[in-house]
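Chemist: Those protein sequences? They're chains A and H, same order as listed.
The numbering of the first sequence is this note's numbering, which starts it at 1 and goes up by one.
The numbering of the second sequence is this note's numbering, which starts it at 278 and goes up by one.
None of these hints come from the bench; they were simulated from the model.
Only a predicted model underlies this, so the values are computations on that prediction, with no experimental measurement involved.
One should not assume that every hint holds.
To spell it out: a stretch of chain A is covered by chain H in this simulated footprint if at least three of its residues, at any positions, have a beta carbon under 8 Å from a beta carbon of chain H; those stretches are [what the hints assert, rightly or not]:
no., segment
1, 101-108
2, 124-134
No farther apart than 20 Å at their CA atoms in a straight line, the calculated lysine to any residue pairs in the SDA-like style are these [as the list claims (entries may be wrong)]:
no., chain 1, residue 1, chain 2, residue 2
3, A, Lys158, H, Thr383
4, A, Lys33, H, Leu562
5, A, Lys114, A, Arg156
6, A, Lys158, H, Leu437
7, A, Lys39, H, Leu562
8, A, Lys133, H, Trp379
9, A, Lys133, H, Arg378
10, A, Lys133, H, Arg449
11, A, Lys158, H, Val385
12, A, Lys114, H, Trp387
13, A, Lys158, H, Pro386
14, A, Lys114, H, Val385
15, A, Lys114, H, Leu376
16, A, Lys133, H, Arg457
17, A, Lys114, H, Trp379
18, A, Lys268, A, Pro60
19, A, Lys39, A, Glu80
All C-beta atoms, glycine included, are put in the ideal place defined by N, C-alpha and C.
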Amino acid sequence: MTIGKDHHMMPAFSAADIAPTPYAWEIRAAGLKVRAGRKRMAVDGLDLSLGTGVHGLLGPNGAGKTTLIRALATVLRPAEGTLELLGESVGGRGEHRALRRRIGYLPQEFGYYKRFTVREFVEYMAWLKEVPKADIPAAVQRAVERVGLADRADERMKALSGGMVRRVGIAQAIVNDPTILLLDEPTVGLDPAQRLRFRELLLELGTDTCVVVSTHLVEDVAAACTDVVLFAEGRLVFQGTPDELAAAGGPEHVGDSPLERGYSALLKGPEQGRGTW
Amino acid sequence: MRMIDGYARGDTDMATDEVWALEAHLEGCRVCRDRLSAAVMAQATAAAAQASGVAVRGPDDTGWGPDVTALVDTVWSGLEPQLAAIVPTPRRRRWTARLSRWLTPTVVPWLAMVASVTLLALLLDLVDTGYPGSGEVSLVLLLAPVLPVLGVAASWSRGLDPAYELTASAPRAGLYLVLRRTASVLVVVVPVLSVSGWATGVTAAQWLLPCLAFTSATLALGGVVGVHRAAVALVTVWAGVIVAPTLATSRTTFALQTDGLPAWGLILALGIGVVIARRGAYSVLGAHR
Numbered sequence: 001m002t003i004g005k006d007h008h009m010m011p012a013f014s015a016a017d018i019a020p021t022p023y024a025w026e027i028r029a030a031g032l033k034v035r036a037g038r039k040r041m042a043v044d045g046l047d048l049s050l051g052t053g054v055h056g057l058l059g060p061n062g063a064g065k066t067t068l069i070r071a072l073a074t075v076l077r078p079a080e081g082t083l084e085l086l087g088e089s090v091g092g093r094g095e096h097r098a099l100r101r102r103i104g105y106l107p108q109e110f111g112y113y114k115r116f117t118v119r120e121f122v123e124y125m126a127w128l129k130e131v132p133k134a135d136i137p138a139a140v141q142r143a144v145e146r147v148g149l150a151d152r153a154d155e156r157m158k159a160l161s162g163g164m165v166r167r168v169g170i171a172q173a174i175v176n177d178p179t180i181l182l183l184d185e186p187t188v189g190l191d192p193a194q195r196l197r198f199r200e201l202l203l204e205l206g207t208d209t210c211v212v213v214s215t216h217l218v219e220d221v222a223a224a225c226t227d228v229v230l231f232a233e234g235r236l237v238f239q240g241t242p243d244e245l246a247a248a249g250g251p252e253h254v255g256d257s258p259l260e261r262g263y264s265a266l267l268k269g270p271e272q273g274r275g276t277w
Numbered sequence: 278m279r280m281i282d283g284y285a286r287g288d289t290d291m292a293t294d295e296v297w298a299l300e301a302h303l304e305g306c307r308v309c310r311d312r313l314s315a316a317v318m319a320q321a322t323a324a325a326a327q328a329s330g331v332a333v334r335g336p337d338d339t340g341w342g343p344d345v346t347a348l349v350d351t352v353w354s355g356l357e358p359q360l361a362a363i364v365p366t367p368r369r370r371r372w373t374a375r376l377s378r379w380l381t382p383t384v385v386p387w388l389a390m391v392a393s394v395t396l397l398a399l400l401l402d403l404v405d406t407g408y409p410g411s412g413e414v415s416l417v418l419l420l421a422p423v424l425p426v427l428g429v430a431a432s433w434s435r436g437l438d439p440a441y442e443l444t445a446s447a448p449r450a451g452l453y454l455v456l457r458r459t460a461s462v463l464v465v466v467v468p469v470l471s472v473s474g475w476a477t478g479v480t481a482a483q484w485l486l487p488c489l490a491f492t493s494a495t496l497a498l499g500g501v502v503g504v505h506r507a508a509v510a511l512v513t514v515w516a517g518v519i520v521a522p523t524l525a526t527s528r529t530t531f532a533l534q535t536d537g538l539p540a541w542g543l544i545l546a547l548g549i550g551v552v553i554a555r556r557g558a559y560s561v562l563g564a565h566r
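Chain H extracted, bound-state conformation:
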């Protein structure tokens, strides 16, 4: 308090390091800035009272004369209308901007497509007779593993994300962003699949494990050849090895029965392991191919 008074008076006997310390403190402490402002005000009124009594007064009597205060007030009143005219940064955030931290905007149509495909498969399953050769095979079960893969590929691909190079160069790029986007794709896809699975009477583990295994395998492979290519390759393999024979024989293959679950669990664990081991690969351009 004593120092602030001295500072406001413009004392010359204050040590330089004291002034520095005080100024550094004033920058960070609002309470002391208010004190300084009050001290300046008090001295200005005192000086004004003195000036009205004494006709001629040297400016070094009190340091801050009323002329200085008047000048500051003039500058302030000149600035005030300009400051008021500046539009403050809008507070509102549109939902698209908020969403973009989880998903690239271009993925939204893809997710809509994935959801509608699932619902279509569910419809065909429920009608049952509508699809020749489907027999006892659940279409939902057949499609479940590849649907999130499409979403993951869409959220991490050069062709579908116009800002891919900017994203890859940002510090937040890399495993963290990959997982964030993958998680948000799964958050949308998994509930839709759960409803469908429940409606068709398939156990959750039967589709959830292959679904997660495929997603992790896409990311693991994506670190090497690019997520987009990995997704295309895995979907092709899935269509060739699982979907085609199943539709041809009208029987749920071994891979999708409950006996196949440990194998899927193994793939999931391997995929996660590879993703973590190669996490540096997601912050370079290669993963976006």
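In isolation and in its complexed conformation, chain A is listed as follows:
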């Protein structure tokens, strides 16, 4: 028997795991305004509370989804209003290092270094995220396995297909076991089988993490999200379950599925009639 001969035994739980959370919502925004560029207010007076689960952020192009996700990733400072992440108020001049360690972020334009192997890149990101040095190899291996790239881990990034690069992006986002996971258009470039696998991963992550997925694909939301946040012109239009979204649409609305009809029913404002883009 070799019980007890291993190098390091992972504790079943740590003090941090059983400590009570000092916040009611992982993400809470009140009257949030965020600027995109010099003048345009891309997020304009948003009130939003998000807890654990998978939240699909839906909205037409230019609705401010990317700006909102950037603000949640603390790379854009709110212009007005309050934004609380994990109970910590975001804004001002602070660097939010402790908060950022608990956030995973996949930007819309996922840039990477072509000469790095998958493992090197995820390791580099783990280092940037201040994962303790001793935990990095195991955390990297786990993240790479979760996105199904374990067999390609030692290949250069430039040899990967678009969908695989996207999966590396997801791996780097989850390498620090985040409490808030922000994914900006993560399903772009994934083939249908990979998309299914990705939805499974999302549901798995959503059991103990606050996952925010921005997407323009309504079917992604139906399959993987516990909660839908519909967003247009910087404001919240609707928040509820996918079923509630489907119930909002009737047969007279545009769309091929109940969810799409609900989507177009809720977005049909005075300036967004049929036939416009």
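Go by the hints and put chain H onto chain A.
Modeler: Below, chain H without anything else, positioned relative to chain A:
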């Protein structure tokens, strides 16, 4: 030791909190895990000896019967080949991966360019007559302040660092990473400049102070308008105000003579002050413009 024996036997009279405390301790203490393993082994052999003598034996006589040990051994022998087949995480680290903690990989060509420009300037200085109008002006001296600025801009710019948004969102982003990358650019540039300065007979302070002053000014301005823009602006100002008149008049301007050194020192101090005061600005997207 007594507790471990009891635990291995599966005693039911142990208090629940004692079991909890013991398990929590076992997770962290390798010595006690080894003790537990030894206790289990000892009891298993004792039970095996007993079982060979007694034909029928109830499983609750000793807690761990030989059947349990046999089961664990079977599971273990089944797992072992699989565990052996798993390739351990490679230990080797390529130098690029190690270097990336100091510099973004995309900066390396820029640094090579900066070094070759310096060497070219040195060559022209030494040949002296090869450049019309250069006269007594040292090209190395003219170029020294702007060369590290190029490197700093390259290591902190949206266009040249593909992972800029990821970097900006990481906890390690901010002043710490800016200084780390700036320091590594200076580590490469300063020795090259020192050799050139020594070869052309310019005093170290004459180029080092403007060089550091410009670097700090780039970072300070970069916190407001983005490091890349700041670098472009400062290099333009330098070319217009210092380089052009110098080449036109063939005289080293006041700014580069030893009398100008206090002014450069002042700029350096101001730059450092502004960088420290506005350190939060480097962890948002603005500084990458």
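Chemist: Quick one: which hint numbers does this structure break? Sort them smallest to largest.
Modeler: none
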